[in-house]
Structure formats: structure tokens, C-alpha cells
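Taken in sequence, the protein lines are chains L and X.
Sequential numbering from 1 applies to the first sequence in my numbering.
Sequential numbering from 1001 applies to the second sequence in my numbering.
Just so you know, these hints were derived from the structure itself, not from any lab.
The model shown is predicted, which means the values in this text are computed figures rather than measured ones.
Some hints could be false.
What the hints assert, rightly or not - Computed far set for chain L versus chain X, every beta-carbon distance over 12 angstroms:
| hint | residue |
| --- | --- |
| 1 | Phe98 |
| 2 | Ala123 |
| 3 | Thr162 |
| 4 | Gly165 |
| 5 | Gly191 |
| 6 | Asp258 |
| 7 | Thr282 |
| 8 | Ile294 |
As the list claims (entries may be wrong) - To list a few chain L residues with every Cβ distance to chain X over 10 angstroms, as calculated:
| hint | residue |
| --- | --- |
| 9 | Val103 |
| 10 | Trp157 |
| 11 | Arg163 |
| 12 | Val185 |
As the list claims (entries may be wrong) - Straight-line alpha carbon distances no greater than 30 angstroms define the calculated DSS-like cross-link-like pairs of lysine-lysine that follow:
| hint | chain 1 | residue 1 | chain 2 | residue 2 |
| --- | --- | --- | --- | --- |
| 13 | L | Lys187 | X | Lys1131 |
| 14 | L | Lys187 | L | Lys87 |
| 15 | X | Lys1199 | X | Lys1168 |
| 16 | X | Lys1131 | X | Lys1168 |
| 17 | X | Lys1193 | X | Lys1168 |
| 18 | L | Lys87 | X | Lys1014 |
Note that beta-carbon positions come from the ideal geometry of N, C-alpha and C, so glycine has one too.
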Amino acid sequence: MDFVLFSTLNGIIYGLLLFMVSAGLTLIFGMMGIVNFAHASFYMLGAYIAYSLAKLIGFWPAILLAPLLVGLIGVAIERGMLRRVHKHGHAHELLLTFGLAYVFEETVKMLYGNYAVPYSIPADLRFPAFTLSGADYPFYRVFIGLTALVMFALLFWLLRRTRVGIIVRAAVRRPEMVGALGHDVPKVFMGVFGIGAWLAGLAGAISGAFFTTSPNMALELGIIVFVVVVVGGLGSLEGALVASLLIGLLTSFAAGADVALADLGGLVGLGPAMKAIGGIFTVKLATIAASVPILVMLVVLLLRPSGLMGDKT
Amino acid sequence: MLLAVEGLHAHYQKSHVLDGVDLTVERGEIVALLGRNGSGRSTLLKAIMGLVVPSAGAVRLGGRDLAGLPAHRIARAGLAYVPEERLVFDNLSVEENLATGQQAGVADAPRWTLDEMYEFFPRLRERRDTKAGYLSGGEQQMLTICRSLLGNPRLIMIDEPTEGLAPKIVEAVTAVIRDIQRRGVGVLLVEQKMTIALKVAERVLIMGRGQIVFEGTPEALRDQPEMRRAWLEVG
Ligand SMILES: Nc1ncnc2c1ncn2[C@@H]1O[C@H](COP(=O)(O)OP(=O)(O)OP(=O)(O)O)[C@@H](O)[C@H]1O
Ligand SMILES: [Mg+2]
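Can you build the whole structure from these sequences, using the hints too?
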């Protein structure tokens, strides 16, 4: 029972964190149609910059300032690079941003070394939020989840209820017409890109201190965030939230489950047969937890090619 | 002089669509632009608006040359454009569509409010929360005219607003175009239906082979059947 409870909680928090990183990509790739393979690099940069700043200006100022810097880096990339190759199509964007992701990773390795840095939350934040059947649940995990929820509400309100949001949604559909109505569309897109980078940076700055801040954190998340955006349905924030939670929960349960497919097969009487075949059937679920997102994507793409929540700009 | 287009040229790749267009529109004047299908009328509006980049020539609004500027700067200078394809934002509600058009506008231009738009076309008020993608063709036309008008332009260019509309709606739309003009906005109207063009316009232009081949009053055009035969009628 405790396993279910804690896996659920951890899965939700991890899912919310995934959402915070993918939300930006939903705007950038899902809505604006810009392929940005370096999106998860913003997440990594957020963590590293916050780590460095925290030593200088303290933890809280660092996790506020680091995402802003990441947002500016995003704006510079959109304006200086992506905008130039956008007209040549997705292949160019993919190659460019793939290169950027590589450059960011190598730069981080050069400056901070190949292994994780000791970025951690201040001692006064290490207290339990509540106690469940004798075990403490850390406050900071809850804080990560709440931040993500606030960001979801903020983005939703911005896109649906404000004039800026209306113009963004119009510009996604018919950029030329929006220009003819007097709006500077490239600037609008640059702003949206910056907000997306800022969000990923925020996720990194906050969660890097709790999980690990290491040079491969971008690569680990790089594919998953695309999975979230595609599974959720291009351009749908709600979809991204649902897909994030789904993947978060599944990953969390798989990672904690000490069972193999054959054991599950045993429930329907296939156990011995599956054990005899061996191979994938006897592999513990925990060892394939990392591929859960990809499996989810395959299933969703086969059953619902437009994603869980279709196209809703 | 409100708008003066001088020697405007435009190309699509190799094809030379505008071959030195000259025209003027005054404050509070409706000028109708006629011509056969494919004669380049829509291209002319797009080139004025900056949606097609002119290859030569000038577009002066209140004396200032706008040719070559991006569309949003031209719009902010006081030009509005209602495209032939209407191009409503089908993912936004009617009221959100109208919001995209709202701009401060230039100092000396007439001002318009959302309520005035709803008085022009009460149907839009009824459907304010409907996604524009669900509107009929006539309602979409009303919406795009109002959307552009809310930018408080000095001059509005409207491309074939009555195309495919029922007679009743054609009447409502032309009445609004007249109101726009009465408030002092210049109107450059591309119109396929000659009867409407001759009824609302003070001056008529005909486009042929990428140039203006006729300019005169509706009466003058009525008196010149050979002009109509050469540049307008089919077959
Ligand atoms: N995007 C484009 N690319 C290439 N050629 C184009 C393009 N748009 C229009 N043309 C061509 O330019 C010429 C002028 O087209 P335009 O749309 O300006 O004509 P029009 O007078 O508005 O006619 P209509 O609205 O009745 O089609 C036509 O020969 C058309 O085929
Ligand atoms: Mg046309």
C-alpha cells in the first residue's frame, strides 16, 4: 500500500516537473512549429546557472534570476539563429538545435566537470511536508509540484484570457494576417520562445537542487519532452499536462516495481510460458522504466495520431 | 492627398504582375478597382500593404513613403486591409477576432469602438462567443471588415467583400462601407460586381495587364461600353 501511495505521489510530482519543462516546448514546437532539440538544454542551464548564482546571491534569488538569464539565452538563440533557418524547414532547425544541445553539454562539462555538481537545497528547506504511514514526505517535492501547477495556471490564463495570448494564438494560425493588423509577429514569436526557455530554466533551477545537476540531465529529458508534446497533442497545454502526469506515474511505478512481465503474465496463467521464452519477459520492469515514455508514445501515436488532446491553439 | 501609389511594380518569381501602377485615394473617398480575374488587383492591395514586397515604386500615405516596410509598420501608419480570402482566425471567438484588430491608430484618423461594430452587424454580437470557424461566409465577411476597422485606419482596402454573399448581406455590407467613408476614411474597394462598384464609388479604376487602364467617374464608365468590353467583360 505504501508503495502505491509513494509511487503515486512521486509520479505526480515528477509528471508536474516534466510538464514545466515541456510546457515551453508545447508553445515553441506544438504551437509555433519550431523544432527545438535544445529545449531540455534550457532546463540544464537553469540548474547550472542557479547553482553558480546560489553561491553568490543565495538560493531564492538564484532560482529567480537563473530562469531569466535562460530566457534571455533563448531569445538570443531564436533571434540570432533559429529565425534565420526557419524558412528552410525542420531539418535545418533540428540540425542547428542538435548542435546547440551538444555545445551546451560540452560547455557545461568544461566549466563544471563531467560529474554531478553539489547543487542542493538549503538546510532550512529540508523538512517534511507531511508524514504518511510513518514515512516523511519532503516539503521540497511538494514545492516543485505546486510551482508547476502555478505555471500551468499562469500560462493558461496568459493564452486564454489576455490580449497578448489572443494575438499569439492568432499569429500561430495566420501570421501574415496578424502582421497586416499591425502586430510585429517576429517579436511575438521571440517573446513566446523566451517564455518557453524561461519555464524550462525555472524547472531546472528548482529541481536541479533536489534531484541531480549533471551534464547529462538535458539528454535524459530531451526526448521525453518531445514525447510529452506529441502525446499530449501539438499545441495543447492541457494535453501536455495530462501526458506529463501519465508518463510521470508510469515511470514512477515501473521504476519501483520489482516484477517482470512474466510475473504479470502469471496473473493470467502465461507465467511459465513467458519464463520459458525468457528475453524481454524476464527483465525486471524497473530496468525498462526509462523506455516507458517511448512505449507510451508508440501506443498513443498508433491509437490516436493527433495526441490525447488534438490541436487546440 | 491621402494615398498616392506611384509607379508600383511587383513580381511573383519571374512573372511581372504589377507593371507601374499609379493611383490616388482622397480622405473620405470610395475608389473602386475593377478588372478581369487575374489582372492583379489583389496583388496590388498586397503590394500596398507590404504583404508582397514591391520591386519598385512608392506607396505614400499622407506624404510618407511606406513601400518596402514590413506589413505591421504599414498597418501602424494607418492602412488597413481586408483580404479576399477573409482569413478569420478560426480558432478564436468572434470577440477575440475583433480584439486582434484593436490598435491605437494614428492621431488624425477616425476612431471606432467594439459597440459600433456590433451596431453595424448585430449578428456579430449574437455570435460573439462563437469560434469564427463556425461562421457563415457572410458573417466572416462582416467580421473581417470590423476587425480591420478597429485598427482606426486612415484608409481601408477591401478585396471583393460581396463575393458569394446573399443579396441582403451584400446590402448590409455596402451600407457599412458607405458609413466608413462618411466618417472620413478613404476606401479602396476591389469589386467584381459592376453594379455595386458603380453605385458606391466616386471614382472607378480599371486594371489591365498590370496597369491602370481607365480612371473616371461611374458615369464616364457607363458611357464607354468599348472600355468595358476591352477590359472587363469575358469572352
Ligand atoms: N502567390 C502567387 N504566386 C504566383 N503567382 C500568383 C500568386 N498570386 C497570384 N498570382 C498570379 O498573379 C496574377 C494576378 O493575381 P491576382 O490575385 O492579383 O489577381 P486578381 O485581379 O485579384 O484576380 P482574382 O481575384 O479574380 O483571382 C494572376 O495571374 C495569378 O495567377
Ligand atoms: Mg483577387
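So, going through the hints one by one against the coordinates:
1. Phe98: Consistent with the label, Phe98(L) stays out of reach of chain X, its closest Cβ about 31 angstroms off (over 12 angstroms).
2. Ala123: 49 angstroms, holds
3. Thr162: 10 angstroms, violated
4. Gly165: Since the minimum Cβ distance to chain X is about 9 angstroms, Gly165(L) lies within 12 angstroms and the statement is violated.
5. Gly191: 14 angstroms, holds
6. Asp258: Consistent with the label, Asp258(L) stays out of reach of chain X, its closest Cβ about 47 angstroms off (over 12 angstroms).
7. Thr282: 49 angstroms, holds
8. Ile294: With a cut-off of 12 angstroms, Ile294(L) remains clear of chain X, as the shortest Cβ separation is near 30 angstroms.
9. Val103: 32 angstroms, holds
10. Trp157: 15 angstroms, holds
11. Arg163: Violated, because the least Cβ-Cβ distance between Arg163(L) and chain X comes to about 6 angstroms, which does not exceed 10 angstroms.
12. Val185: Label violated. Min Cβ-Cβ 7 angstroms, cutoff 10 angstroms.
13. Lys187(L) / Lys1131(X): It holds: about 26 angstroms lies between the C-alpha atoms, which stays within 30 angstroms.
14. Lys187(L) / Lys87(L): 16 angstroms, holds
15. Lys1199(X) / Lys1168(X): Given that 30 angstroms is the threshold and the Cα spacing comes to 16 angstroms, the pair holds.
16. Lys1131(X) / Lys1168(X): At roughly 23 angstroms apart (the allowed maximum being 30 angstroms), Lys1168(X) and Lys1131(X) satisfy the hint.
17. Lys1193(X) / Lys1168(X): 15 angstroms, holds
18. Lys87(L) / Lys1014(X): 20 angstroms, holds
Checked against the numbered hints listed earlier, the structure breaks hints 3, 4, 11 and 12; every other hint is satisfied.
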